[in-house]
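For the first sequence, the numbering used here assigns the number 1214 to the last residue and increments by one with no breaks.
The reader is advised that the hints may include incorrect statements.
Stated by the list, open to error - Computed list of lysine-lysine pairs in DSS-like fashion (alpha-carbon distance at most 27 Å, straight line):
#1 Lys969 x Lys1065
#2 Lys1032 x Lys969
#3 Lys958 x Lys1030
Just so you know, the hints here were simulated from the structure itself, not pulled from any lab data.
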Amino acid sequence: MPELPEVETVRRGLAPVMEDAVIEAVTQNRPDLRFPFPDKFVERLKGARVKHMGRRAKYLVVELDTGEALIMHLGMSGSFRIELEEGNELPGTYHHPRSEAKAHDHVVFAMKGKTAEARIIYNDPRRFGFMDLVATSELSLCRHFEKMGIEPTGNELNGETISRLFAGKSTPLKAALLDQRLIAGLGNIYVCEALWRSGLSPKRKASTITRKSGKATERSELLALHIRDVIAEAIEAGGSSLRDHRQTNGDLGYFQHRFSAYDREGEACSKVECDGVIERMVQSGRSTFYCAKCQR
DNA sequence: CCGATTACCTGCACGC
DNA sequence: TGCGTGCAGGTAATCG
919 MPELPEVETV RRGLAPVMED AVIEAVTQNR PDLRFPFPDK FVERLKGARV KHMGRRAKYL
979 VVELDTGEAL IMHLGMSGSF RIELEEGNEL PGTYHHPRSE AKAHDHVVFA MKGKTAEARI
1039 IYNDPRRFGF MDLVATSELS LCRHFEKMGI EPTGNELNGE TISRLFAGKS TPLKAALLDQ
1099 RLIAGLGNIY VCEALWRSGL SPKRKASTIT RKSGKATERS ELLALHIRDV IAEAIEAGGS
1159 SLRDHRQTNG DLGYFQHRFS AYDREGEACS KVECDGVIER MVQSGRSTFY CAKCQR
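Take these sequences, add in the hints, and give me the full structure.
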């Protein structure tokens, strides 16, 4: 499911029922997801209070008062749903009523907050997601984050950083944008969308939008601008719901209605003054949607 | 080192 | 209807 905007949507949904609440119980229904759960997973979580619900790229980072952080990745099909007892809803929110377990419910966190109790359920049919526990002080050095690139939100991402990061890269521009060691958080959808908005071909060598000095170029500025825009707009829209992604209260995200390229094979390109058609091709084993006419 | 391909897993849409 | 095929928002391991 999830690229950065979907994970950020999940983070915002979980924060009100996790922050300052205590993990009263954890039910772990299998020994592994993509990887085995860490040793004594349940014991290390039980009784911990959540200090902060954070995110790094596509990872959720739950900081605990035990000195450890719970790291969670949703893979392709992971999702969370929040169940609250009836009459126990948080002000201004709506969630699932308590229900029977569903297929592929792998982990349940029973949370006790100051005013409400909640069950937070992790469901993941394909089990490409995973969870890990890491000392909070070592977070940036842990195996998940050690080699991770910059966030595509905020001032860190600009023409100069892109120019510097992509300099000398002979890989296609699309592959460079998907490389989490350079920019962390983009996935197939938002890379296709940012390239379409920028009028840049996904096949172009990444180095061709850079300058040897590492200074920004017109193209790298344009790309940085559109990446930041499309990510911000998608977060605002609650992410994109294609198959699995839901907000934690069960609502769909709605950015999929605003796709210009992704999943629009055969449709007319909507760029002003362009009469091209969106095509699909395969790059490093994954679908790329683009307009060969206006993306150069 | 690099870049490209494959593996991991289930569900669903599609064509025959 | 049933079955085979291909495809899916992820990353890690493996191969040249």
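Here is how each hint holds up against the structure:
| no. | hint | result |
| --- | --- | --- |
| 1 | Lys969 x Lys1065 | holds (25 Å) |
| 2 | Lys1032 x Lys969 | holds (14 Å) |
| 3 | Lys958 x Lys1030 | holds (21 Å) |
In the structure shown, no violation is registered for any of the earlier numbered hints.
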